[in-house]
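Participant: Listed below are the residues making up each chain.
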Amino acid sequence: MDDKIPKCNVNSDISNSIPIGPQHPALLEPEYFNIRLDGETIIDADINVGYLHRGIEAALEKKDYVQSVFLTERICGICSSHHTIAYCGAIELLHGAEIPMRAKYIRTIIAELERIHSHMLWLGVVGYEIGLDTLFQLVWRDREHVMDLLEKISGNRVNYAMNKIGGVRRDLDPKILSEISKTMDIIKKQVIHYIDIVSKDNIVILRTKDIGILSKEDAKKYSAVGPVARASGIKYDVRDTGYEAYKYIRFDVITETKGDVFSKVVVRAKELIVSSDIVKHCVKHIPKGDIYIKLPLIVPSGEVVTRVEAPRGELIYYVKSDGTNKPARVKIRTPTYANLLSVKTMLIGHDLADVPVIVVGALDPCFACTDRVTILKQTGNEILDASNLRSIADKKYN
Amino acid sequence: MKAVLKELGNLYKQDNSGYYILVKDLEEALSVLMKLGIYRISNITGCDTGEVIEVIYTFIWDNIPINLKIEIVRDNPKINTIIGMYPGAKLYERELSEMLGVKIVGNDEPENLFLAHDSPKTPLRK
Amino acid sequence: MIKTALFRIKDKILNIARKKSPWVLHYECGGCNGCSIETFACLSPRYDVERFGMQEKGNPRHSDVFAIAGTVTAKNKDVVDLIYHQMSKPKVVVAIGACAISKGIFHDAYNSVGPVDKIIPVDIYVPGCPPKPEAIMDGIIKAIELLETN
Chain A
1 MDDKIPKCNV
11 NSDISNSIPI
21 GPQHPALLEP
31 EYFNIRLDGE
41 TIIDADINVG
51 YLHRGIEAAL
61 EKKDYVQSVF
71 LTERICGICS
81 SHHTIAYCGA
91 IELLHGAEIP
101 MRAKYIRTII
111 AELERIHSHM
121 LWLGVVGYEI
131 GLDTLFQLVW
141 RDREHVMDLL
151 EKISGNRVNY
161 AMNKIGGVRR
171 DLDPKILSEI
181 SKTMDIIKKQ
191 VIHYIDIVSK
201 DNIVILRTKD
211 IGILSKEDAK
221 KYSAVGPVAR
231 ASGIKYDVRD
241 TGYEAYKYIR
251 FDVITETKGD
261 VFSKVVVRAK
271 ELIVSSDIVK
281 HCVKHIPKGD
291 IYIKLPLIVP
301 SGEVVTRVEA
311 PRGELIYYVK
321 SDGTNKPARV
331 KIRTPTYANL
341 LSVKTMLIGH
351 DLADVPVIVV
361 GALDPCFACT
371 DRVTILKQTG
381 NEILDASNLR
391 SIADKKYN
Chain B
1 MKAVLKELGN
11 LYKQDNSGYY
21 ILVKDLEEAL
31 SVLMKLGIYR
41 ISNITGCDTG
51 EVIEVIYTFI
61 WDNIPINLKI
71 EIVRDNPKIN
81 TIIGMYPGAK
91 LYERELSEML
101 GVKIVGNDEP
111 ENLFLAHDSP
121 KTPLRK
Chain C
1 MIKTALFRIK
11 DKILNIARKK
21 SPWVLHYECG
31 GCNGCSIETF
41 ACLSPRYDVE
51 RFGMQEKGNP
61 RHSDVFAIAG
71 TVTAKNKDVV
81 DLIYHQMSKP
91 KVVVAIGACA
101 ISKGIFHDAY
111 NSVGPVDKII
121 PVDIYVPGCP
131 PKPEAIMDGI
141 IKAIELLETN
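If you read the sequences in order, they're chains A, B and C. My numbering numbers the first residue of the first sequence as 1 and each following residue consecutively. My numbering numbers the first residue of the second sequence as 1 and each following residue consecutively. My numbering numbers the first residue of the third sequence as 1 and each following residue consecutively.
The hints are simulated quantities; they were obtained by calculation from the structure and are not laboratory data. Watch out, some of these pointers could steer you wrong.
Computed far set for chain A versus chain B, every beta-carbon distance over 10 Å [to be verified]:
1) D44
2) V49
3) H95
4) L172
5) T241
6) V304
7) R307
8) I316
In silico DSSO-like pairs for lysine-lysine, Cα to Cα no more than 30 Å straight-line [unchecked claim]:
9) K78(B) <-> K221(A)
10) K62(A) <-> K221(A)
11) K235(A) <-> K24(B)
Using N, Cα and C, we set each Cβ at its ideal position, and we do this for glycine too.
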């Protein structure tokens, strides 16, 4: 039995390659990382994408404009209404039309409610990866308040189908508006409690401080967007351009300077508070009026670029029309795609056990938007037993 | 701002959604943008119109999109890489070559990003 | 005679044990992730699937129930096959969502190879886009009853 186990080599720079593959307990979506190790430290990392690639851009050219809105909604289940805001906004720009003010406020309320549920989902999953299961259960319990609201407004918890070309589909009556306001008070109170837990709890601090650092120069070099860039000190938020109702609302853009996973946690947690304030402001100042204007089915020819701030960063749509009722070309650039190149910089130098924390905590991947995957195969020669692993942990945390 | 952009090429469209410029010499236009302080590339789109292949590079300057469009021939399309000036363009160029069959000189990797070995090749070509 | 009786008793006890604590493996093949999020929401305190003894484990060799969501893409079909063969018998497969049952809204997308039952045999179908967490729990409980009779 002993000769079947390969002996440890005296040469110390042997490196093992561990793939972390499409199906893995730590990953919610299929992703593929190929990680080269030296002992327990990561010296190189590579990403393979494409497991969720379905061919949506080609499928959008076969449908007419009204049908294609439903397909863009199902690119991603977590940021679904942001995709429709960008797409419907592009078509309305091609028409040269402006939607009614009440519709803009309703779109903003739905977008911010979606940002709240997406960040709470992420916060729970980070707690699960770190080992703090209590945070996962607490946050997902409070997330259900937001999901109930979305179900009362639109009829479905995911894929709400609220946006259409020319406005929104359903109106909000005063009873729902007051309920939204009360729920936002509850959420704000709970989020302040979570920020307190996260900044003082020993488990979170040990596992996230100084892990996965992305410096400001690297974030600029690899064109990072969203909370990943904001935690490294780059103040970049597309909501500043004032699309939909954002130009009538004053809000803060949260930035941190260190760039490690802990600053990313703080940035996203504080954005929850900013979002709940935006929703309350919209509910208080929503104007009366129509929710929809009728636009012709044939779109005039031209091309247009629109950008929105999805929960994970900047989402860009390029739509080209050739004067018929079907789009000629739609190109979608999602935020996780833009952040992929910076993952390698964040991973190198850390331990294998930090991979789920960095990948989920820092990057917050939405691979359904990006279509990528990971696979694992065992090719190493060195075998570490329990006492070796224990000594590595002791060295790190003491 | 408008004067600087007019020098890059033919400014054929300008509205709330940004500036759209048709350029002939891409490297010269990019070096002008680098001098203005634009360090981030946001998107590269390829579109097959039936007659030519259009490649559109999107940059953001002062919160406004600036789109540089170049046109290349459909048979055996080739284009130079820009990752020397903008390293963030690496994945966008690979996607362009995979979906439309455009050869990128300087950023040629044989492995596909998205398509499997039995998926249709260059699916976005007409 | 005594030996067969003993085997029967052992099988009955194992069946009761399997029914009271099924372990679920979840995999997302190629959908929008809406169904995955709803499956994960079953673990949250509101729906609390652990009162049925269910746990979500990441390892195929430990699981009895394979909950699969999303349409199968070209790169993923070998992965799904491999996971199915790594699970030990008896096992059941639950297809969650419209994309897993019939390709759903991606029926004309070029990279989507087919619904799940083209690759592996499926026992229970849960329709919806996405189905609510209560519907997913109902589907998994029906699947566990199949385990007993398998």
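Participant: Would you mind marking each hint as holding or not holding in the structure?
Facilitator: Hints, one by one, checked against the model:
no., hint, result
1, D44, "holds (16 Å)"
2, V49, "violated (6 Å)"
3, H95, "holds (12 Å)"
4, L172, "holds (27 Å)"
5, T241, "violated (5 Å)"
6, V304, "violated (5 Å)"
7, R307, "violated (7 Å)"
8, I316, "violated (5 Å)"
9, K78(B) <-> K221(A), "holds (26 Å)"
10, K62(A) <-> K221(A), "violated (37 Å)"
11, K235(A) <-> K24(B), "violated (33 Å)"
Checked against the numbered hints given earlier, this structure breaks hints 2, 5, 6, 7, 8, 10 and 11; the rest are met.
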